[in-house]
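Colleague: Single-letter residue listing:
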Amino acid sequence: MAERVRVKHMMPPGHVRAPAYLRGKTGFVERKLGAFGNPEQLAYGLPAEKIPLLRVRFSMAEVWGSDTEYPNDTLDAEIFAHWLEYPETHDAP
Amino acid sequence: MKQNDGRRWHDMGGQAAGPVPKDDHDFALWEKRIDALMVLCSAKGHFTVDGLRRALEDMGEDAFETMSYYERWVASLNQNLVEAGVYTPTELGERMEEIATRGETYGEAAHG
Numbered sequence: 001m002a003e004r005v006r007v008k009h010m011m012p013p014g015h016v017r018a019p020a021y022l023r024g025k026t027g028f029v030e031r032k033l034g035a036f037g038n039p040e041q042l043a044y045g046l047p048a049e050k051i052p053l054l055r056v057r058f059s060m061a062e063v064w065g066s067d068t069e070y071p072n073d074t075l076d077a078e079i080f081a082h083w084l085e086y087p088e089t090h091d092a093p
Numbered sequence: 001m002k003q004n005d006g007r008r009w010h011d012m013g014g015q016a017a018g019p020v021p022k023d024d025h026d027f028a029l030w031e032k033r034i035d036a037l038m039v040l041c042s043a044k045g046h047f048t049v050d051g052l053r054r055a056l057e058d059m060g061e062d063a064f065e066t067m068s069y070y071e072r073w074v075a076s077l078n079q080n081l082v083e084a085g086v087y088t089p090t091e092l093g094e095r096m097e098e099i100a101t102r103g104e105t106y107g108e109a110a111h112g
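Chains A and B, in that order, give the protein sequences. In terms of the working numbering, the first sequence is numbered consecutively and its last residue is 93. In terms of the working numbering, the second sequence is numbered consecutively and its last residue is 112.
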């Protein structure tokens, strides 16, 4: 089964690549793309750590709410692993 | 619409917006040169597109309203080149003065 991931819901100042409209949203890993230099270090001219980049697939309903025109359409975004967290599949009782 | 959740001004995805302008762009020579300069700086290892973006974002929303696309790019290129130690602001100022004496147009500069 595809791995569920959630984009971290934080809004730090400074250069980051995770778009604000996806923060806090849950999707699944569509594919792993390999590791790339961390843009948060490259942007400041610093030596960059290689971090896995993942293509994450979100439903339109998840991103824009259930009243969106085509809720089952999907949107893919490439998100670095350090911006992803792994939510519990089942809510605690 | 402004959202007050801490997102930065440039991070506009999902906000209300008008129709996409579909008119073609015609680039001036200096704009093409700015684009080429970015490719050159990146190839020479002075900075990456991430540095370009970072300086553009740090200019703030006012720059987005008052400067054209490549005006913002050249300001960002300059910021990154100074930070990378390629030249100092004084060296840039002296060079700009020297070039300004050649004339206002490319034609004058070429024969100056």
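Worth double-checking, as some hints may not be accurate.
[Unchecked claim] Just a few of them, taken from the derived set where beta-carbon distance is under 7 Å, the chain B residues facing chain A: (1) G6; (2) D11; (3) G14; (4) K44; (5) G45; (6) F47; (7) T48; (8) G51; (9) E94; (10) R95.
[Stated by the list, open to error] Each computed SDA-like pair below joins lysine to any residue, with the alpha-carbon atoms no more than 20 Å apart: (11) B:K44 <-> A:N72; (12) A:K8 <-> A:G45; (13) A:K25 <-> B:G93; (14) B:K44 <-> A:Q41; (15) A:K8 <-> B:K44; (16) B:K44 <-> A:L53; (17) A:K8 <-> B:R8; (18) A:K50 <-> B:D50; (19) A:K8 <-> B:H10; (20) A:K25 <-> B:R7.
These are computed hints drawn from the structure, not numbers from a lab. Given the structure is predicted, the values throughout are model-derived calculations rather than measurements. We treat Cβ as the ideally placed atom computed from N, Cα and C, and that holds for glycine.
Colleague: Work down the list of hints and note, for each, if the structure agrees.
Modeller: Structure-based check of all given hints:
For G6 (chain B), the interface hint holds, the least distance from its beta-carbon to any beta-carbon of chain A being 3 Å, beneath 7 Å. The beta carbon of D11 (chain B) comes within 4 Å of a beta carbon in chain A, closer than 7 Å, and the hint placing it at the interface holds. Against a cut-off of 7 Å between C-beta atoms, the interface hint on G14 (chain B) holds, since the closest Cβ of chain A lies about 4 Å away. Interface restraint check: K44 (chain B) against chain A, minimum CB-CB distance 13 Å, threshold 7 Å, status violated.
Interface restraint check for G45 (chain B): the shortest CB-CB distance to chain A comes to about 10 Å, outside 7 Å, so the restraint is violated. At its closest, the beta carbon of F47 (chain B) sits 6 Å from a beta carbon of chain A; the interface hint therefore holds under the 7 Å criterion. Checking T48 (chain B) against chain A: minimum C-beta separation of about 5 Å stays under 7 Å; hint holds. Hint on G51 (chain B) holds. Least Cβ distance to chain A is approximately 5 Å, under the 7 Å limit.
A hinted interface residue such as E94 (chain B) counts as satisfied when its beta carbon comes closer than 7 Å to some beta carbon of chain A; here the least separation is about 24 Å, so the hint is violated. For R95 (chain B), the interface hint is violated, the least distance from its beta-carbon to any beta-carbon of chain A being 22 Å, above 7 Å. Of the pairs offered as hints, the one joining K44 (chain B) and N72 (chain A) is violated, with about 45 Å between alpha carbons and a cut-off of 20 Å exceeded. Under the criterion of a C-alpha separation no larger than 20 Å, the hint pairing K8 (chain A) with G45 (chain A) is inconsistent with the structure, at around 25 Å.
Distance check on the hinted pair: K25 (chain A) and G93 (chain B) sit about 48 Å apart at the alpha-carbon level, beyond 20 Å; violated. Of the pairs offered as hints, the one joining K44 (chain B) and Q41 (chain A) holds, with about 18 Å between alpha carbons and a cut-off of 20 Å not exceeded. A hinted pair counts as satisfied when its Cα atoms are at most 20 Å apart, and K8 (chain A) with K44 (chain B) does not qualify at roughly 35 Å. Only pairs whose Cα atoms come within 20 Å are accepted, and K44 (chain B) paired with L53 (chain A) is rejected, the gap being roughly 25 Å.
With a CA separation close to 16 Å, the supplied pair K8 (chain A) and R8 (chain B) stays within the 20 Å bound. With a C-alpha separation of about 14 Å, the suggested pair K50 (chain A) and D50 (chain B) falls inside the 20 Å cut-off, and the hint holds. Taking the CA atoms of K8 (chain A) and H10 (chain B), the gap is about 19 Å. The hint holds against a cut of 20 Å. About 15 Å separates the Cα atoms of K25 (chain A) and R7 (chain B), which keeps this hinted pair within 20 Å; it holds.
Comparing the model with each earlier hint shows violations of hints 4, 5, 9, 10, 11, 12, 13, 15, 16; every other hint is respected.
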